[in-house]
Amino acid sequence: MRERNHWQQKAVEYGFHFHTLYGERYWDESACYQFSLKQIEEDLEDPTAEIHQMCLQVVDQVVASDELMQRFAIPETQWDFVRNSWLQREPSLYARLDFAYSGKGPAKLYENNADTPTSLYETGFWQWLWLEDQVNAGQLPRQADQFNSLQEKLILRFAELAAIQAEQNASPVLHLACCKDTDEDRGTVQYLEDCANAAGVETRFVYVEDIGRDASGQLTDLDDNVIEWLFKLYPWEFMMQEAYADLLGRHPVRFVEPAWKSILSNKALLPLLWRQFPDHPNLLPAFFEDELHLANACPALVKKPIFSREGANISLIRGDEETCFSSGPYGEEGFIYQQAHMLPRFEDNYTLIGSWLVNDQPAGISVREDSGPVTQDMSRFLPHFIV
Amino acid sequence: MTRKRTCNIDLARMRKMVGKPAVKPLLAAIAGVGLVGCSSDEDVRIAYSIEDCADNTGLTEEQCEIAYRRAIQEAQSSAPKFTDERDCEANFGFNNCARDDNGWFMPALVGFVVAEVIDEVGDAIERRHYSPVYRNRDRDLVLSDGGSIRYGGSGKYSVRKGANAPKTSVKKPYPKGTKTLSRGGFGSTASAKSSWGGGKSSRSWGG
Chain A
1 MRERNHWQQK AVEYGFHFHT LYGERYWDES ACYQFSLKQI EEDLEDPTAE
51 IHQMCLQVVD QVVASDELMQ RFAIPETQWD FVRNSWLQRE PSLYARLDFA
101 YSGKGPAKLY ENNADTPTSL YETGFWQWLW LEDQVNAGQL PRQADQFNSL
151 QEKLILRFAE LAAIQAEQNA SPVLHLACCK DTDEDRGTVQ YLEDCANAAG
201 VETRFVYVED IGRDASGQLT DLDDNVIEWL FKLYPWEFMM QEAYADLLGR
251 HPVRFVEPAW KSILSNKALL PLLWRQFPDH PNLLPAFFED ELHLANACPA
301 LVKKPIFSRE GANISLIRGD EETCFSSGPY GEEGFIYQQA HMLPRFEDNY
351 TLIGSWLVND QPAGISVRED SGPVTQDMSR FLPHFIV
Chain B
1 MTRKRTCNID LARMRKMVGK PAVKPLLAAI AGVGLVGCSS DEDVRIAYSI
51 EDCADNTGLT EEQCEIAYRR AIQEAQSSAP KFTDERDCEA NFGFNNCARD
101 DNGWFMPALV GFVVAEVIDE VGDAIERRHY SPVYRNRDRD LVLSDGGSIR
151 YGGSGKYSVR KGANAPKTSV KKPYPKGTKT LSRGGFGSTA SAKSSWGGGK
201 SSRSWGG
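Heads up: the protein sequence lines correspond to chains A and B, in order. Residues 1 to 387 in my numbering are what the first sequence lists, from first letter to last. Residues 1 to 207 in my numbering are what the second sequence lists, from first letter to last.
Treat the hints as calculated values from the structure; they're not laboratory data. Possibly wrong hints are sitting among the right ones.
[Claimed, not checked] Once the Cα atoms are required to be at most 20 angstroms apart in a straight line, the calculated EDC-like pairs of lysine to aspartate or glutamate come out as: (1) B/Lys-4 - A/Asp-133; (2) A/Lys-180 - A/Glu-167; (3) B/Lys-179 - A/Asp-181; (4) B/Lys-176 - A/Asp-214; (5) A/Lys-10 - A/Glu-202; (6) B/Lys-176 - A/Asp-210; (7) B/Lys-4 - A/Glu-209; (8) B/Lys-176 - A/Glu-41; (9) B/Lys-156 - B/Asp-55; (10) B/Lys-176 - A/Asp-224; (11) B/Lys-4 - A/Glu-45; (12) B/Lys-16 - A/Glu-202; (13) B/Lys-16 - A/Glu-167; (14) B/Lys-179 - A/Asp-210; (15) B/Lys-16 - A/Asp-183; (16) B/Lys-179 - A/Asp-183; (17) B/Lys-193 - A/Glu-332; (18) B/Lys-193 - A/Asp-223; (19) B/Lys-193 - A/Glu-242; (20) B/Lys-179 - A/Asp-224; (21) B/Lys-4 - A/Asp-145; (22) A/Lys-10 - B/Asp-10; (23) B/Lys-193 - A/Asp-183; (24) B/Lys-176 - A/Glu-167; (25) B/Lys-4 - A/Glu-132; (26) B/Lys-4 - A/Glu-41; (27) B/Lys-193 - A/Asp-133; (28) B/Lys-176 - A/Asp-223; (29) A/Lys-108 - A/Asp-360; (30) B/Lys-193 - A/Asp-181; (31) B/Lys-193 - A/Glu-333; (32) B/Lys-179 - A/Asp-133; (33) B/Lys-16 - A/Glu-193.
Every value quoted in this text rests on a predicted model; they were computed, and no experiment measured them.
Take these sequences, add in the hints, and give me the full structure.
This is the structure in structure tokens:
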């Protein structure tokens, strides 16, 4: 596939600052993936909607059980906070399911990035623009499409969330936060801010590290404004064990994603899904440490920390042998085991499909490639099209 | 065939090269509502102080004091109020906003409106209305609701007929202001984990 002329210039124009990382391509349009509409709709879109509903059933089950809350390594002091967010059905914004999908047969769920999914801008806007440009340049046929209604759905969802705020006489001002020193996260949050603004929502930005508290325990921004509605691109499992953790739930802050997402973004979700929906075609067998006797039929297992980001701390277990795939700072909270199912290989690359949800609606896909078998934060992002 | 992608994206909105104003000017938008012809205008005087009022309008100094107090009173109820000083300054210019007793930021009063036509008798002057006057960020004279005041030369001004009347405030109740006691209670896990391994893995805290 021919790259667009001067696309780097365009990236500057649109504020896409992280297309090249540490001198290596992150956005890679030297190739692209082609899907049929049938593959998209039957193999990815429908399973995404279905798995999301299955996941919600797991949340319902977990909040009702102290034993499960423990297994999910949620601090006991936060149980009420998480439970209440679910019982009040606090609205969600978005999520990304990661699948191993070869183009044939059922896509297999690796995990659910339900709390802080990134690569949103690249998916919702940048690859959309790529298709638009390639069609206009005659590189792709006029009827070429893309599974990517992300931006449209995000804007609609923000309008819905704003309506819910108004209905409940809650603050119409949305704060958005991410950590300092990460261009990627700042870009993702800026994109969400753009979408919120397009829906008519007034927004403020604050870095996670700059969030403060007042005497009554309300969260504040750098201008001493009370934060009452907060999008945070920062994991719940971190927030729940940091200095301000005891402020959570004390004041009625509306969080996006809501606290119940801490159950879905958790790898303990995987063994529970398997327990509740055994032999589901889109699931891989998965087990807690004390259920490993059930895993005898699996020739090899992948060991994943209950909390982990960007493919860190993954290892492969075959018999008594453990091979480290990736290192990282996670794992203190325990591990789960998932039947090894390698990513499909196209030429020299392992390919992972991220399938997006806005609330409960499938909203598009992103394709990530890596020369190694574990997709990590440096894996390349490739555009796709449907014919 | 159903389309699987976003129908239309407003590309102008997505461009980041051109800086956009951080705050939408609240009053500029309101002030922009239609230009009115002369016939619907009302001639007024603008008094910049009690002294100015006594010298240049048909009111006595005593009456001007009453008018001034009325204007202040009305400003408290009808001036645009902001929780954030920056928002107020975006509308009224740098250093032109003050905090009231309730913590709201509002524009500084620069004068008040005295109607030209004085045909009342008795205590009518005391019962009349004296609209507070401010300057917006373009240094134009405006009323509480952003309504414009036109200069007609020789110290004469005009406002739209009926504009010199009590108004309701343009309050911005959110975000609420407070006093921060401490900061930094979130974010420590990220900084602890990013020192691990150094570099690549700290690129994002998402996934």
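Structure-based check of all given hints:
no. : hint                  : result
1   : B/Lys-4 - A/Asp-133   : 17 angstroms, holds
2   : A/Lys-180 - A/Glu-167 : 34 angstroms, violated
3   : B/Lys-179 - A/Asp-181 : 27 angstroms, violated
4   : B/Lys-176 - A/Asp-214 : 12 angstroms, holds
5   : A/Lys-10 - A/Glu-202  : 27 angstroms, violated
6   : B/Lys-176 - A/Asp-210 : 17 angstroms, holds
7   : B/Lys-4 - A/Glu-209   : 38 angstroms, violated
8   : B/Lys-176 - A/Glu-41  : 46 angstroms, violated
9   : B/Lys-156 - B/Asp-55  : 14 angstroms, holds
10  : B/Lys-176 - A/Asp-224 : 8 angstroms, holds
11  : B/Lys-4 - A/Glu-45    : 10 angstroms, holds
12  : B/Lys-16 - A/Glu-202  : 18 angstroms, holds
13  : B/Lys-16 - A/Glu-167  : 33 angstroms, violated
14  : B/Lys-179 - A/Asp-210 : 14 angstroms, holds
15  : B/Lys-16 - A/Asp-183  : 15 angstroms, holds
16  : B/Lys-179 - A/Asp-183 : 30 angstroms, violated
17  : B/Lys-193 - A/Glu-332 : 12 angstroms, holds
18  : B/Lys-193 - A/Asp-223 : 28 angstroms, violated
19  : B/Lys-193 - A/Glu-242 : 13 angstroms, holds
20  : B/Lys-179 - A/Asp-224 : 6 angstroms, holds
21  : B/Lys-4 - A/Asp-145   : 7 angstroms, holds
22  : A/Lys-10 - B/Asp-10   : 15 angstroms, holds
23  : B/Lys-193 - A/Asp-183 : 17 angstroms, holds
24  : B/Lys-176 - A/Glu-167 : 19 angstroms, holds
25  : B/Lys-4 - A/Glu-132   : 13 angstroms, holds
26  : B/Lys-4 - A/Glu-41    : 9 angstroms, holds
27  : B/Lys-193 - A/Asp-133 : 40 angstroms, violated
28  : B/Lys-176 - A/Asp-223 : 10 angstroms, holds
29  : A/Lys-108 - A/Asp-360 : 19 angstroms, holds
30  : B/Lys-193 - A/Asp-181 : 13 angstroms, holds
31  : B/Lys-193 - A/Glu-333 : 14 angstroms, holds
32  : B/Lys-179 - A/Asp-133 : 50 angstroms, violated
33  : B/Lys-16 - A/Glu-193  : 13 angstroms, holds
Violation of the numbered hints given earlier is confined to hints 2, 3, 5, 7, 8, 13, 16, 18, 27, 32; the remaining hints are satisfied by the structure.
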